[in-house]
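Participant: Dock chain B against chain A, hints included.
Chain by chain, the residues:
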Amino acid sequence: MITLNNITKSFDGLQVLKGISMTFEPGKTNLIIGQSGSGKTVLLKCLLGLHQIDGGTMYFNDRAFGDMVEEDKRTLRREMGMVFQGSALFDSMTVLENVMFPMQMLTKKSESEIKHAAEEVIARVNLENAYSKLPAELSGGMQKRVAIARAVVMKPKYLFCDEPNSGLDPKTAIVIDNLIREITQENNITTVINSHDMNSVMEIGDTILFLKDGVKAWEGSKELIFNTDNAAVNDFVYSSNLMKKIKQAHT
Amino acid sequence: MLRLVFVKPTKGKVMRKLIFKDIQDLIIGSLGIVAFLSFFVGGVVSIQTALNIENPLIPKNLVGFATRQSIILEFAPTFMSIILAGKVGSFITSSIGTMRVTEQIDALEVMGINSVNYLVFPKIISMLLLPIVINFSMFLGILGGYAATIYGGFSSSADFIEGIQLDFRPYHVVYAFIKTLVFAMVLATIPSYHGYYMKGGALEVGKAATVAFVWTSVVIIVLNYFITQMLLA
Chain A
1362 MITLNNITKS FDGLQVLKGI SMTFEPGKTN LIIGQSGSGK TVLLKCLLGL
1412 HQIDGGTMYF NDRAFGDMVE EDKRTLRREM GMVFQGSALF DSMTVLENVM
1462 FPMQMLTKKS ESEIKHAAEE VIARVNLENA YSKLPAELSG GMQKRVAIAR
1512 AVVMKPKYLF CDEPNSGLDP KTAIVIDNLI REITQENNIT TVINSHDMNS
1562 VMEIGDTILF LKDGVKAWEG SKELIFNTDN AAVNDFVYSS NLMKKIKQAH
1612 T
Chain B
16 MLRLVFVKPT KGKVMRKLIF KDIQDLIIGS LGIVAFLSFF VGGVVSIQTA
66 LNIENPLIPK NLVGFATRQS IILEFAPTFM SIILAGKVGS FITSSIGTMR
116 VTEQIDALEV MGINSVNYLV FPKIISMLLL PIVINFSMFL GILGGYAATI
166 YGGFSSSADF IEGIQLDFRP YHVVYAFIKT LVFAMVLATI PSYHGYYMKG
216 GALEVGKAAT VAFVWTSVVI IVLNYFITQM LLA
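Top line first, the protein sequences correspond to chains A and B. Going by this note's numbering, the first residue of the first sequence is number 1362, and it counts up by one from there. Going by this note's numbering, the first residue of the second sequence is number 16, and it counts up by one from there.
Okay, chain B solo, but in the shape it has when bound:
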């Protein structure tokens, strides 16, 4: 299937339109849920950290430090990708699967159009913008942590800001973006595969979306392990 994504491409003008539409559906359409989840999960991470610091010898800036590390290293790139496997992945599988069920993919093939390129390529290109979403998630996660810490009275603003600057390694952000790009490919291709090759009717579209979500999540978790081992260990 991957070979077909890149051979016999669709006309540039049509493809541009498809890419912009998919950016709207997959990327811009996900910003709301990403913002909501990131802000509150960032807040919870900082509260949990603060509540578990009982030893007065541990500096208060640890709340900001732990929040930043959790958000940048794992929450934003990995867990946000898994959440997007539910939102974006299901959308991709069900939209392509519905086209399969209603013979729209056959219609493309009969016209002599490479349906795999037409349907999957714009999704892959759109998902390459995922690092921007994850960047946004990192920012809002830390902001949520800051708000929860300050308004919860767990630490001072100065301590939190000192914490998020403490021992900051830009490479961690690079690592997060590298794995985000890998996850973006997974998010675009596995759900597309399950949608494109599904058989049956409306019920099977739902089943295919579920199976696609499970496989996407599993592959993301396993790849996360290997990428972390390769880049950080």
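Just chain A, with the same shape it has in the complex:
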């Protein structure tokens, strides 16, 4: 579980996060949604420790991030997996090498154990035929699946995904969404996904945090988001013609 208490963050005097409080539960896919520039990526990078928060507290299963010494932070990071927006696969490594990489760097397992574990995870994301391919030889959806495999190979307690569907066609996007949700539930991971894709919200939004201009504007689930009276949420959710038509048909 991750608990955020009144998180603030500024860049060059501009406050990007204005007192965010939220709880992300394990075994659930927790979505952070909002328009571009609303502070989603900054919040995610704060959770990862890539940005230092200015105020507030972050708890990772009751461990306060601010109280941790460097060694504890390093240990915590080893409990985290991250799927980057652009996948961030290592160009010079094959699929198998990319997935083996975190274990080679961070564990004392033998090479055969590492290879076996990596092959299992690659099979889980249905890429058995792509072991020896380089990232440049893969489609966007396949790259995302490798990124997911690399993120979960260390069996993380926390999984973070930055717009995992960006650049993917709707069908592949749903495959990726469902894969993330299945892995989250199978391993009881606390998953936090940064997204502005309404399809993802409808598919996997167990818990949704809606950010607007760095403020928590709404919190709820996918069932509640379509019936809320919150004007900011409605403005965001029903901004496309497709969603407007769905709403009209519904009402």
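Accuracy of the hints is not assured; some may be wrong.
What the hints assert, rightly or not - Below are the BS3-like pairs computed for lysine-lysine, each with C-alpha atoms no more than 27 Å apart in a straight line:
id, chain 1, residue 1, chain 2, residue 2
1, A, Lys1476, B, Lys75
2, A, Lys1470, B, Lys32
3, A, Lys1516, B, Lys28
4, A, Lys1606, A, Lys1532
5, A, Lys1434, B, Lys28
6, B, Lys32, A, Lys1476
7, B, Lys32, A, Lys1516
To be verified - Taking CB as the label site, the calculated pair distances span:
id, chain 1, residue 1, chain 2, residue 2, range
8, A, Met1604, B, Thr225, 45 to 53 Å
9, A, Glu1498, B, Leu144, 31 to 39 Å
10, A, Ser1493, B, Ile236, 41 to 49 Å
11, B, Arg31, A, Ser1601, 49 to 57 Å
12, B, Thr225, A, Gly1398, 29 to 37 Å
13, A, Lys1434, B, Phe241, 36 to 44 Å
14, B, Ile236, A, Ser1601, 53 to 61 Å
15, B, Ala173, A, Leu1495, 51 to 59 Å
16, A, Asp1574, B, Gln244, 53 to 61 Å
What the hints assert, rightly or not - Derived, one-sided and incomplete: chain B residues facing chain A with beta-carbon distance under 10 Å:
id, residue
17, Lys26
18, Lys28
19, Val29
20, Lys36
21, Ser110
22, Val116
23, Glu118
24, Ile120
25, Ala122
26, Leu123
27, Val125
28, Gly127
29, Ile128
30, Gln180
31, Phe183
32, Glu219
It should be emphasised that the hints constitute simulated quantities derived from the structure, not laboratory data. Where is the CB? At the ideal position from N, CA and C, for every residue including glycine.
Facilitator: Frame of chain A, contents of chain B only:
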């Protein structure tokens, strides 16, 4: 940044692989251009020297002597390092810069890996082999000078060989290697810095590589002045 290069090191087995890969990319991959440039520049140096000797009182072995001195003291260590600032430096900046742009460095950090050590340390170690490249450049430069002199008919083989042996001071080679090692550190660190701390997209990667080349060249030239002043004056 330099402190981060040496703290929290990457696992030895992984680091060994990275070092061998960087030796392949930075050192072995540079041998072709170094050989080509050294041979022909050595040839041009000897032709220019020969063409400027009009006084019959000046011995013909001066061609070999001047070629050796130019190549060992300046061309091989300094100008080859500047040429490598273009080749190796741009490669380092653009490869690290691309990793920055595509969030690969963030991925390393999120995994709890010291990305500076992982990326920069193997490059520094690999570049410590630069004196071997410069040695190779010295040999081929003088060989190029010899070939141009003999086949151009500017001097005899005996005169050229006598010239390259004339008043030979091994300390000059030591001096060349000392400054090469200093330049190797510059070649590994300045481009790495510009790649690692770059911001922006693909266009900025190119700009960072250009800026890194300019700064590397400037620092090499300035350091060359001070090292020469300290070691030879």
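Participant: Sort out which numbered hints this structure fails and list those numbers smallest first.
Facilitator: 1, 30, 31, 32
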